[in-house]
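Undergrad: Listed below, chain by chain, are the residues.
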Amino acid sequence: MEKSTNNQSRRSFLKVSSLAGGGMMIGFSWLANLIPNEALAAANGTNEWVKLTGFIQITPDNKVKIFNPNPEFGTNVMTSLPMMVNEELQADWSKVIVEMGDYDTPRFKSQFTGGSRGMAQAWKPLRTAGATARLMLMQAAANEWNVPVSELTVSNGIVSHKASNKSTNYGALATAASKLTAPTNIELKKTSEFSLIGTPQKNKVGKNIVAGDSLFTMDYKHEGMLIAMVIHPPAFGMQLKSYDATEAKKMPGIKDVFDIQVYKDGYTRAGFDTRAFNKLIAVVGNSTWEVMNARKKVVAQWEPIETTKEMVAAWGSKKEETIPGGLESTDEHMKQMLAMQKNPGKVLRKDGDPETAFAKAKKIIERTYTAPFLSHNPMEPISCFAHITDEKAFFVAPIQIPEMMKQNIISNLDIPAEKLEMKLTRMGGGFGRRAYGHYIVEAGHISKKMKAPVKLIYTREDDMTNGVYRPTYIVTYKAAIDENNNVTAIAIKGGGFPENAVHEHRFPAGAFENYIAEGWELPSNITIGAFRAPRSNFIASAEQTFLDELAETIGKDPLDYRIELLKKAKASPVGKFNEYDADRYIGVLELVKQKSNWGKTDKNVKRGVAAYFCHSSYAAHVIDVRMKDGQPVVDSVVTAMDCGFVVNPEGAKNMVEGAVVDGIGNALFGGMRFEKGVPIQKNLNQYRIIRHREAPKKIDVHFVKNTIDPTGLGEPPFPPVFGALANALYKATGKRLYNQPYLAELNNLTKI
Amino acid sequence: MAKMNLKVNGKKYDVDVDPSTPVLWVLRDHLNLIGTKFGCGVGACGACTIHLNGRALKSCQLPVSAVGVQEITTIEGIVPNAGELHPVQKAWLELDVAQCGYCQTGQIMAAVALLKTKPNPTEEEIESAMTGNICRCGTYIRIKAAIQQAAKSSHK
Chain A
1 MEKSTNNQSR
11 RSFLKVSSLA
21 GGGMMIGFSW
31 LANLIPNEAL
41 AAANGTNEWV
51 KLTGFIQITP
61 DNKVKIFNPN
71 PEFGTNVMTS
81 LPMMVNEELQ
91 ADWSKVIVEM
101 GDYDTPRFKS
111 QFTGGSRGMA
121 QAWKPLRTAG
131 ATARLMLMQA
141 AANEWNVPVS
151 ELTVSNGIVS
161 HKASNKSTNY
171 GALATAASKL
181 TAPTNIELKK
191 TSEFSLIGTP
201 QKNKVGKNIV
211 AGDSLFTMDY
221 KHEGMLIAMV
231 IHPPAFGMQL
241 KSYDATEAKK
251 MPGIKDVFDI
261 QVYKDGYTRA
271 GFDTRAFNKL
281 IAVVGNSTWE
291 VMNARKKVVA
301 QWEPIETTKE
311 MVAAWGSKKE
321 ETIPGGLEST
331 DEHMKQMLAM
341 QKNPGKVLRK
351 DGDPETAFAK
361 AKKIIERTYT
371 APFLSHNPME
381 PISCFAHITD
391 EKAFFVAPIQ
401 IPEMMKQNII
411 SNLDIPAEKL
421 EMKLTRMGGG
431 FGRRAYGHYI
441 VEAGHISKKM
451 KAPVKLIYTR
461 EDDMTNGVYR
471 PTYIVTYKAA
481 IDENNNVTAI
491 AIKGGGFPEN
501 AVHEHRFPAG
511 AFENYIAEGW
521 ELPSNITIGA
531 FRAPRSNFIA
541 SAEQTFLDEL
551 AETIGKDPLD
561 YRIELLKKAK
571 ASPVGKFNEY
581 DADRYIGVLE
591 LVKQKSNWGK
601 TDKNVKRGVA
611 AYFCHSSYAA
621 HVIDVRMKDG
631 QPVVDSVVTA
641 MDCGFVVNPE
651 GAKNMVEGAV
661 VDGIGNALFG
671 GMRFEKGVPI
681 QKNLNQYRII
691 RHREAPKKID
701 VHFVKNTIDP
711 TGLGEPPFPP
721 VFGALANALY
731 KATGKRLYNQ
741 PYLAELNNLT
751 KI
Chain B
1001 MAKMNLKVNG
1011 KKYDVDVDPS
1021 TPVLWVLRDH
1031 LNLIGTKFGC
1041 GVGACGACTI
1051 HLNGRALKSC
1061 QLPVSAVGVQ
1071 EITTIEGIVP
1081 NAGELHPVQK
1091 AWLELDVAQC
1101 GYCQTGQIMA
1111 AVALLKTKPN
1121 PTEEEIESAM
1131 TGNICRCGTY
1141 IRIKAAIQQA
1151 AKSSHK
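The listed protein sequences correspond, in order, to chains A and B. If you're matching positions, the first sequence starts at 1 in the numbering used here and goes up one per residue. If you're matching positions, the second sequence starts at 1001 in the numbering used here and goes up one per residue.
Since the hints were derived computationally from the structure, they do not count as laboratory data. Take the hints with a grain of salt, since some may be wrong.
[Unchecked claim] Straight-line distance between alpha carbons at most 25 Å, and here's what the computed SDA-like set of lysine to any residue pairs gives:
hint	chain 1	residue 1	chain 2	residue 2
1	A	K297	B	P1063
2	B	K1090	A	S214
3	A	K705	A	K423
4	A	K109	A	A182
5	A	K109	A	S411
6	A	K350	A	I563
7	A	K296	B	H1030
8	B	K1011	A	S287
9	A	K697	B	T1117
10	A	K697	A	E745
11	A	K279	A	P416
12	A	K296	B	Q1061
13	B	K1003	A	M251
14	A	K255	B	G1077
15	A	K423	A	K166
16	B	K1090	A	V96
17	A	K451	B	D1029
18	A	K297	A	Q261
19	A	K241	A	T274
20	A	K297	B	G1043
21	A	K221	B	G1068
22	A	K65	A	N156
23	A	K249	B	D1016
24	A	K166	A	S155
25	A	K202	B	S1154
26	A	K423	A	S287
All values derive from a computational prediction rather than experimental measurement.
Hey, can you work out the whole structure from these sequences and the hints?
TA: Right under this line is the structure:
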């Protein structure tokens, strides 16, 4: 699996790995992965990479390379994760080279980009790897100088022995160090001793990005590489019946046109194996434009699908999933969801006696919220390179969690596990879309059939009409208010296609004696998947706008009311289990209150607040808006975040700013509409994404200072943006917003 | 297929392609200039922004047959020598603009063209000139600040 970027190193690797038994990386733990390197020892004095743990390589002339284990889709793990390693390694950070690790999860322990888990999962292992290598380098120096390790100091990759006035760099020690046994029981630095983690550091790949270097799968090239595209049905609920490729095959530059079956009949899908269409037509040729043109000449017949069942084994359970036949429409979905809300749902949680509280209520407020399917639309459309030969199955893939695709790839392509090799590229965005790697299998089928290296490219239309959307949701919030203007009960009922978004153990659960949460689900043949803060991204918008309206109804300040409820939940929590830590929730609200001058601004400032907890982190926003020519203008956003210890404040701030912009865009404009199974939005001239002039003029990001182990950041700031924006728009327009996208509701549009 | 001569980044190239081929794909597939990115193919996202005779233009909408003697500049050609950085690229690095990075070469090409015609753009002029360039990660505030910084640095 080990590959280097230049040919010289690659050749020597082949030599080395044959001595080491070849392909021995698999099955080794990241710590045990210290291959005795006789070839390098023999070649002492050359500039070959010497391995020190699975994460670090050093050349005798003192180049230090740190591998980033996690696929990078823009959360800056190429910088922040190597920072963790180098905090303990103590090489010269300004000269450290970072490299994306290939797919080799045993070596890297975890290669997981999703669920805002990167920082938390890497926190200990990566620092331990850095410390392991440093201690081995120090031991090598101690052995050479015949002095105790305890007398050595390290700074910027230089090991020194003060008493004898000796010093040398890591490069000179690397080969000797690599032969030592890795130490155990390593003591890591305390957070107060950090010198790199917690300091703002610029993107290590920044130069390559602004130069337009080949970083993405879309850019990947290989000798003899063919370009492939696929044709999928024009509507959900349809499948391929037959096709005529006679004309297409005559087109210039076209090598072949054929159909592929993506997954085998009866294949049991795992959690990220979602795919909308199992039979596709593949068009393969020499260049992209030729393939695009030939694709138009394929004449395909489509037919409706029957209701089918597929086995899904995911998240610890195995169940049969129904894929209903029929052509679904947005208007029909809305009617069905509203009808379902009239029936009782499955009770997810119940505290106290909400029925009696509602029966006795002097006043009840009840509000229903909806949101449409959303398309992820990462900037780089879906692509994958595959080259399957008898020797190996080689892929270059943009994939968030490669390990989760392994079983799918080897089962559906009949590849022996040991022949699977995957190079992971930087991804041009993901937002959850690139957790679902059906395109890797598709590229594999095409390469197998062509017996050639193939790059599969989706157009934007292919990507946007191919499913794996954020689901469409509905939820109703209901509050009982007594004669003293106290809220005595809260009821939440939510559903959607094909899941509901209710998080029954999250706030405001715990703050009300009488509480009920219900949910229901309806099947759909429109496929869905994780989208930046799944479920939270909808439920937070409803919850936080409802709380705002509730506070207004009972005459309280919306920000103070949230704090009051959280204090109550902390002092006397209702229920057996509440997911959140009330103190940290209060912390972000207090911080955003202070930083935004909440309650002290001119009354012409139209602002809204919202806070949310998800992925182990806490976020609160105050958003100021004004209306200009019927369009909302976001003047400023103040954000307070608690994501534990902030590893790279520069990257973290950028990430939060992006989440705010993304939230505003999706809240105002986002939405996929379906008519008889056909996705109406097909490209970026129809699916509106936030642009320069619609972005906030200013975003101030503040982090709660603490030393809690780092938690999620990519997702948590996203969900509360929707609510804060809707609450601000209410102040600016007098209109409460219940249905996303909000701009359509503001302009009284009946469809998106 | 048709044989054409193109001038790209000051160099002459002979290409033999379908005349309707968008410049985007000639650059990426035939000239191996992959800094110009494919995002939408309908001129709606700006990832493929190049300069034609110095003016910013979406290369997915420009058939190669329409180029003629006009000069194409791509991200690879905005500095005289490979490895050097344009002041706009430098500002991008100083402000740590990128997240996923896929749209940024297109953004930079639009910004470079803007600063040529308006060396001191107002915020509104920036928003207007850059409106055709989507950043799905939402780095707009940093892009704007980087353009302002590049404008300032060029007056020093």
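Undergrad: Are there hints from earlier that the structure breaks, and if so, what are their numbers?
TA: 3, 14, 15 and 21
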